[in-house]
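Student: Below are the chains, spelled out letter by letter.
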Amino acid sequence: MLVQYAAVGLLFIGAVFFACAALIVSRLLQPHNPYKQKNITYECGMLPLGDAWVRFKPSYFVTGLIFLLFDVETMFLLPWALCFTEMGLAALLEMFVFIGILAAGLVYAWKEGALQWH
Amino acid sequence: MNTETNKQGRYSEVYQLNFGPQHPSTHGVLHMLVEMDGETCVGVDTKIGYLHRGMEKLMECRTYLQGLPYTDRLDYLAGVNNNLPYVLAVEKLLGVEVPARASLLRMLTCEIMRLASYMVGVGIYIMDLGAVSGVFYPFQEREYALDCMSALCGARMTQSYIRYGGVQADINEEFDAAYQKLVAETPRFIEMYHKLVDENEIFLRRTKGIGVISAEDAMDYALTGPNLRASGVDYDLRRDAPYCLYDRFKIEVPVLTAGDCHARYVQRMLEVEKIFQLIKEIYAALKEEPVGEIMAKIPKVLKPAAGEAYAQTENPKGIMGCLVASEGKLNPLRVHFRRPSFDNIAIFEKIMPGHKVADLVSIIASFDIVLGEIDG
Amino acid sequence: MEFINNIFVNIAGLVRWVFNWLLGWLGLPLGLTDVLMTAVYWVAIVVVCVLCALFYVIWERKLAGYIQRRPGPNRLGPNGWLQTIGDAIKLVMKEDIVPDKADKPVHLLAALLAFVPPMLALAAIPFGEGMAALDLKLGVVYVLAVTTLASLPVLLAGYASNNKYSLIGGMRVVNQAISYEVPQAFALLSVIMVAGTFNLTEIVHFQQQHLWLVFVQPLAFVVYIISAVAECNRAPFDLPEGESELTAGVFTEYSGMRYALFYLAEYCNMFVAAGLATTLFLGGFSGPFLPGWLWFILKTFVIMSVFIWVRWTLPRIRADYVLSFCWKILVPLTLLNMLVTGVVLYLI
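Protein chains in written order, with this note's numbering: chain G, 1 to 118; chain D, 1001 to 1376; chain S, 2001 to 2348.
Next up, chain G with everything else stripped away, as it sits in the complex (with noise of 0.2 Å):
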């Protein structure tokens, strides 16, 4: 069982091996000729005024957060989802007021804007 995530690993490193062995093939073929105005920053043929890391602000901030909360909610379904059908009456309703808990935060969160672009 484990031995088989051992293989993912191995394909992780099979893969960037791969991408590896393609760029120095690119590079033995390629030409390499860098010089100052070819390395400058590309915005639209002008010179980039200032550097380009700012403060930038993701305007979804907020509905990052409720991302987050629902990733976690997806997590507690995933076992739930395989074997609620055995567990009976119980589980489905428990897993219900588990939705609706989070249903009702996200209809909270919608009212207050979060899911918008601030």
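Partial chain S-side listing against chain G, Cβ under 10 Å, derived:
| no. | residue |
| --- | --- |
| 1 | MET2037 |
| 2 | TYR2041 |
| 3 | VAL2092 |
| 4 | VAL2098 |
| 5 | PRO2099 |
| 6 | ASP2100 |
| 7 | VAL2116 |
| 8 | PRO2117 |
| 9 | LEU2144 |
| 10 | TYR2165 |
| 11 | LEU2189 |
| 12 | VAL2191 |
| 13 | ILE2192 |
| 14 | MET2193 |
| 15 | THR2247 |
| 16 | MET2257 |
Calculated from the structure, these hints are not laboratory results.
For glycine and all other residues, C-beta sits at the position ideal for the given N, C-alpha and C.
With chain G's structure known, arrange chains D and S on it following the hints.
Tutor: The following block gives chains D and S in isolation, referenced to the frame of chain G:
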């Protein structure tokens, strides 16, 4: 600048972004220096001149005949429409009476090219919203319009078809065939484009309420053409100050009131229908007109009397005006164009702040600007 | 028939037998066979990735041509079908330009990692009976987790380029990730509720015994397809690239092979999404007459064509609408779908 905005309680930095000149959707080389806060635009500075060829000076340094073809290069999507104001102004100086048939031919070609220009306008608009296929459909229908011009005068885009005193050539069988094709295909295009675009939810979301211009602002900023009419100002030179023989025809001018990007698109689509009607009417009138002169008697060497003349026409992009001053020499003393795209983009700095990057593209494209005209 | 159906499984068995024999002959522990087999699967996956990218790039361009009433590429090879190979050679031989101001290690890392998620995901998808390189018990969760990673290299690329367009693109990737992921997970959850297993092959078996899940969960299918398009950053959700807004978005500062890797990864991501949709909703490799793996390829082809069709038809959505669309429409819909599914399953 950054510290200043931070004082206003912002935790993000405002940064300056060059939007253009080498950008896929600034329709050539328009350069906008945009101040951005995240993805939202907080300030725009429109910079022009990357396509400046000194058109007016070039014309002043050449004879009248040599100067005429330059006008085609202003709004290169509708060549003949630019010939017209210049030629009208020079004709005023010369005091030439243009034959009726030539006037009708001028109107016919202008309307055909107006149709072609509008097709490009709506097609490019859809492409800039991200639906690349949108541009291919009108471009193929536009071919029929260009085929008409090609059959008539041998050139497709920069025709210089309108000459001092008249036009270059009369319609021929080849033109008739191309014209029949245009008449047959255009309604199909209009219907299909309505089907493809009109009710697309994403399109409506991307256009409605974006870049709203009130009627007062539109007039204050001297907007002209479809952009003005989409804001609810009912003004069209062809009807309100007719030139050529437009007073012979009943010009219907659609007017919308919303003034947003969607209205500007719908305005163009509505006008395409009216233009198509007008083309058919003019063609019918032309067929009734007895075959005869298409050129007035003008001297071989043009030396208009000293003086000034101004003429203006309704072009696809707005009102194109042309001032020609002569001092009786071979070349004009001064040529100046009122270039509609140039005047239209002035309002960008007012309407763009507060919109997202994607909306900037939508607004630019909805104005249907041509950089050849802006930079002159 | 049976032979063709199992041809790849038989080949794998043969290779495994050869490895076992070799290891025995060399006196090495037989456990190494699994490691060696992983290498074989790796080769197979790389071949599948490259082939499907080569094919789907040209197919996309052809289909886009037909949609736009033009012939599409038609010069290189019969009817232009070799065009991608020409393009690939061109991209390999192009110079990698890295801007001076860029964060160079991260710039490289992004290109290296771009290809990892689709490759890992492909390993778990059953192309046929017994034809999953990793027949994981938690297949759905694994694929879901791995494909989610696909947005990370893009974010890295956006950050590392030190280009404002790239930065906006990179931020949009995050926006997209937090939008589509929840509805996608919920859509898959309702499938799992019906099938009662996480294993992809077993889900296919379930569909063979009962009904294609697309008929049971049509809403989940539609939501999944929409989320998949968003996940692959394809139009109308191609905001990170958004070429008419952000020039080339996150890929503005990428050229040559580095760009090619992203490009390859995009098509492989699409293939994974289409493959997962096929497996979960369209009965995977099950089908009459033809061998299973051919059915899988055909069904994937149909979904890929839908992706391409959508791309060349719709305008681009604005970034904030992606968010509000996913959270205000898709999430409530999928939640409701789950509740209904739960009640119905309990009742029957």
